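Start counting the sequence shown at 1; every next residue gets the next number (our numbering).
Just so you know, the hints here were simulated from the structure itself, not pulled from any lab data.
All values derive from a computational prediction rather than experimental measurement.
For glycine and all other residues, C-beta sits at the position ideal for the given N, C-alpha and C.
Please note that the accuracy of each hint is not assured.
Taking CB as the label site, the calculated pair distances span [claimed, not checked]:
(1) Leu35 with Ser222: 33 to 43 Å
(2) Ile69 with Val168: 26 to 36 Å
(3) Ser222 with Ser294: 41 to 51 Å
(4) Leu183 with Pro36: 31 to 41 Å
Straight-line C-alpha distance at most 25 Å; calculated SDA-like pairs for lysine to any residue [to be verified]:
(5) Lys298 with Phe309
(6) Lys47 with Pro150
(7) Lys83 with Lys47
(8) Lys167 with Pro157
(9) Lys172 with Trp192
(10) Lys47 with Gly264
(11) Lys248 with Phe113
(12) Lys167 with Val223
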Amino acid sequence: MFLRPFLSNQPLTLVLLLPVMALFIGLNLSFHYHLPNETISLGLLGKLEAFPIWLSVALSAVFIFSNAIFLNFLFNKHDFLEKNSYAPSLFYVVFMTFSQSFYNFDALLVIHFLLLCVFRLLFLLENGERNGTHIYNIALLFGIIIVLLPQTVALIPFLWLTVRMNKVISIKEFILLLLGTSLIVFNGLMFWWFSGHPIGIRILRDTNHVKYEQMVLIASGSVLLIYLLLSSIGVRIRLQKSSIRFKKISRSLLVMVIATLTFGAAELIFYQQVEWFNLVFIPVGFLFTFAFISSFWKQVASGFFYLTFLLAVIKFFIHAGWFN
């Protein structure tokens, strides 16, 4: 099946992401499951009028493909496995097909790219080295994320924890982390205020509303939990033969899984939607690949991946009423 080439050591396999993306974009254009956004929210920077459908789809495709390649680059560059694998890019793309962002451009796709940049810098942190520049850049990038989606301010403690897991932070580095984030957020708040908006709790309530069928929500949520379980099993096997460096990185990813799951659950409770859950697809894209390092769990993981792919396709036909 089409999963096998991505588990090989052939970089040209990444080209196969394009027909997979084209399939889902074509299905959505045919069945109109994910409707175009009326506006594009940029958080503290305000809102934009929605782009024409062709431009929105094109921008989404560019960001999805670029983020998938970026994620896979980080996976192979930092030797998560003994040999290169191109499965993380496929997992990310398929996971994202459940999200509105896959079919219509929005700020979450930019946030994904920025979060991957944060991970890149986190993976470069080392004890005994001067990491002031990396830490300050991490803070700046995360500040931009907060400006684009103010609710992500709740993830700051998790960010500090992941930095702390990768190295011992000095007082100077902690100040840099705090200063970099505060500087960007302060400028964002000033832009918001000078644009005629009051600074208050309303900032955290301003979000796009995306509706989904309850059955698809339950099914996709159940699949995600199974993915997390299989990922944890694979990571545990990998940790038995790994370096201290890898253990630090894997712990950071697990923290971000917990952080993004909590963040998504908060959106479900307060806004009755699940778009923020797509942030968890980045750390899971890294971790789920470890479910394939054991011959037994590889078969189980493959089965659930194909089930996920089937569910991602079937949801369009369920929405169209083909099974009523």
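Hint by hint, here is what the structure shows:
1. Checked against the hint of 33 to 43 Å, the pair Leu35 and Ser222 fails, with Cβ atoms roughly 25 Å apart.
2. With their beta carbons about 33 Å apart, Ile69 and Val168 fall inside the hinted range of 26 to 36 Å.
3. Between Ser222 and Ser294 the beta carbon distance is about 23 Å. The supplied range of 41 to 51 Å is therefore violated.
4. Between Leu183 and Pro36, the C-beta spacing of about 35 Å keeps the proposed range 31 to 41 Å intact.
5. Between Lys298 and Phe309 the CA atoms are separated by roughly 16 Å; this keeps the pair inside 25 Å, and the hint holds.
6. For the given pair, Lys47 sits about 13 Å from Pro150 by alpha-carbon distance, which is consistent with the 25 Å threshold.
7. Distance check on the hinted pair: Lys83 and Lys47 sit about 44 Å apart at the alpha-carbon level, beyond 25 Å; violated.
8. Taken as a hint, the Lys167 and Pro157 pair is honoured in the structure, with Cα atoms around 16 Å apart against an allowance of 25 Å.
9. Between Lys172 and Trp192, the direct Cα distance comes to roughly 30 Å. Violation of the 25 Å bound is thereby established for this hinted pair.
10. At most 25 Å may separate the alpha-carbon atoms for a hinted pair to count; Lys47 and Gly264 meet this at roughly 22 Å.
11. With a C-alpha separation of about 22 Å, the suggested pairing of Lys248 with Phe113 holds against the 25 Å cut-off.
12. At roughly 34 Å between alpha-carbon atoms, Lys167 and Val223 are farther apart than 25 Å, so this suggested pair is violated.
Going through the hint list in order, the structure does not satisfy hints 1, 3, 7, 9, 12.
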